[in-house]
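J.: I would like the entire structure built from these sequences, with the hints used as guidance.
Each protein sequence line maps, in turn, to chains A and B.
Using the UniProt record's numbering, the letters of the first sequence correspond one by one to residues 1 to 175.
Using the UniProt record's numbering, the letters of the second sequence correspond one by one to residues 1 to 363.
Just so you know, these hints were derived from the structure itself, not from any lab.
Built from N, CA and C at the ideal position, the CB exists for glycine as well.
Below, a sample of chain B positions facing chain A; criterion: calculated Cβ distance under 8 Å:
id, residue
1, Phe44
2, Ser49
3, Ala160
4, Gly166
5, Leu168
6, Cys171
7, Thr173
8, Val231
Here chain B is said to cover these stretches of chain A; the calculated rule only asks that three of the stretch's residues, wherever they fall, bring their Cβ under 8 Å from a Cβ of chain B:
id, segment
9, 67-77
10, 84-91
11, 96-106
12, 109-116
13, 126-140
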Amino acid sequence: MKCQFCEKPATFHITELTEPVGPQVMHLCEEHAKGFLNKEASPPMTAIASALAKQLGQSGDVLEELDQKECPVCGISFFEFRNSGRLGCPYDYTHFESDLRPLLVNVHDKTEHVGKKPTRSAGTADSLAKMIGLRREMEEAIEREDYERASEIRDEIKAMEDPIAPPSTPSDTQS
Amino acid sequence: MKRDADFDELARYSGEWMRGEGPESDIVISTRIRLARNLADFPFIRRCSDEDRLSIERTVRARMESLTDSHWKSAHYVDLEPLSEIDRQLLVERQLISREIAESDGSRAVAFDATEGYSVMVNEEDHLRIQVMKSGLDIKNTWEQVNRIDDMLEEVILYAFHPRYGYLTACPTNVGTGLRVSVMLHLPALVITEQMDRVFRSMQRINVTVRGLYGEGSQYTGDFYQVSNQVTLGHSEADLLALVGDEVAPRIIEYERKARQALLKNNRDDLHDEVSRAMGILSTARKISSEETMHHLSKIRLGISMGLIEQPDVKVINQLFLQTQSAHLQKLQGRALGTAERHARRASFLQHHLAGKDDATWN
Ligand SMILES: [Zn+2]
Ligand SMILES: [Zn+2]
Chain A
1 MKCQFCEKPA TFHITELTEP VGPQVMHLCE EHAKGFLNKE ASPPMTAIAS
51 ALAKQLGQSG DVLEELDQKE CPVCGISFFE FRNSGRLGCP YDYTHFESDL
101 RPLLVNVHDK TEHVGKKPTR SAGTADSLAK MIGLRREMEE AIEREDYERA
151 SEIRDEIKAM EDPIAPPSTP SDTQS
Chain B
1 MKRDADFDEL ARYSGEWMRG EGPESDIVIS TRIRLARNLA DFPFIRRCSD
51 EDRLSIERTV RARMESLTDS HWKSAHYVDL EPLSEIDRQL LVERQLISRE
101 IAESDGSRAV AFDATEGYSV MVNEEDHLRI QVMKSGLDIK NTWEQVNRID
151 DMLEEVILYA FHPRYGYLTA CPTNVGTGLR VSVMLHLPAL VITEQMDRVF
201 RSMQRINVTV RGLYGEGSQY TGDFYQVSNQ VTLGHSEADL LALVGDEVAP
251 RIIEYERKAR QALLKNNRDD LHDEVSRAMG ILSTARKISS EETMHHLSKI
301 RLGISMGLIE QPDVKVINQL FLQTQSAHLQ KLQGRALGTA ERHARRASFL
351 QHHLAGKDDA TWN
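T.: Now the structure itself:
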């Protein structure tokens, strides 16, 4: 594959997030990739890439250990996140908190949310994580064709689900 | 909510946000604000099973249907999975859905209203992408509407939220407010006078991203640029809106105005010549690509805003920007067209409309 800007072979494949088009893969030669990554206006994705590159600079053992770290809820490994740039579930922000912090600083320069908050908070973080875990267990049960177990788990999830708010009295949902 | 939409009908009109009105509409095409939200009790899309995606889509649909606000009465809810490629492409061209969701697999949907002022994508990169678009530079009203939709959905959907990191998103670049405010600008004079690099550079220091639009694989741009906030965490919605709407966009608008004045003063004849040639090509060509069409339409739009030509109306030009894109053209033609055929039909469509005739008489 050739570089998008010249005739040299493309050795760098950079995913750039563009709105509204969505992620676009750039195929670049080394020289153009350097120019692209060093642009001062690093788009968010390159900021992730460079924050992760810093982590890559850590000693091999530390990185290897980090890469193998897995979220107990959704099962994503840090390695998978590093490769895809996408997290697996809300609980990742808790489980990988210290690993994500440098990245958040690099991208946003801040680590604390300021602004709008949801007005209701039904369910604790634990019970929500449990539900995500159950969904995964259900999927695994289906995969090993244990449909009885899968249907038990489905019922368990149903019982935990946030009921549809009665439309006429939206204030009832503010529990 | 209507569980369908008439795509032939849709192709015939441009959305309200494309009507070319509103503040600064000689330069600002549109204001768009989107919020990224996720359901608290599901994994993010990347780790979703097919069953999870289906449950998310069903849950969101059922909860939207439970809303009684008039906002949702006129909304269309379209299941994207069984939709034809052309119809999905049509929604992309209207910016109701992203290319990413159009081309992905599995259960996914979009809710949008009849005037297409807003859309809610279900199972995009995040479970929900709520967006509102308005014509011209209109941050305040756009935000008020998207915020209201978010409030309504929040009453029936439990969002993933962290006390420290805010609204949780699949990609850490969107976490916090989940807000992206984008202003689409038409900057032909800055392009002609080769000042875009300077604009890009001056924006780099202030947490704003400037992007060329329609630049898919070709160097061609059409002179449209999108300015949006780069960060989402640690700044309030109000601050992010002010950054783009009060600080950055007005500054670029001013640069573009100055460049237009300079062109009028120093190169009026050259510019008028270019605009007239663009008109000439689009009025007489027998086959034309969408890239070339955009390029010339951009020149004509500039000629109109600068008072060099009086006809056609800018509304006609905006409509042509939309309807000469592939999916629109094919819907209007009523059948799929190969590339060569598309180029020929596009030329015919342009000729017809630039002569002041309407869709009804085009064939
Ligand atoms: Zn190159
Ligand atoms: Zn997880």
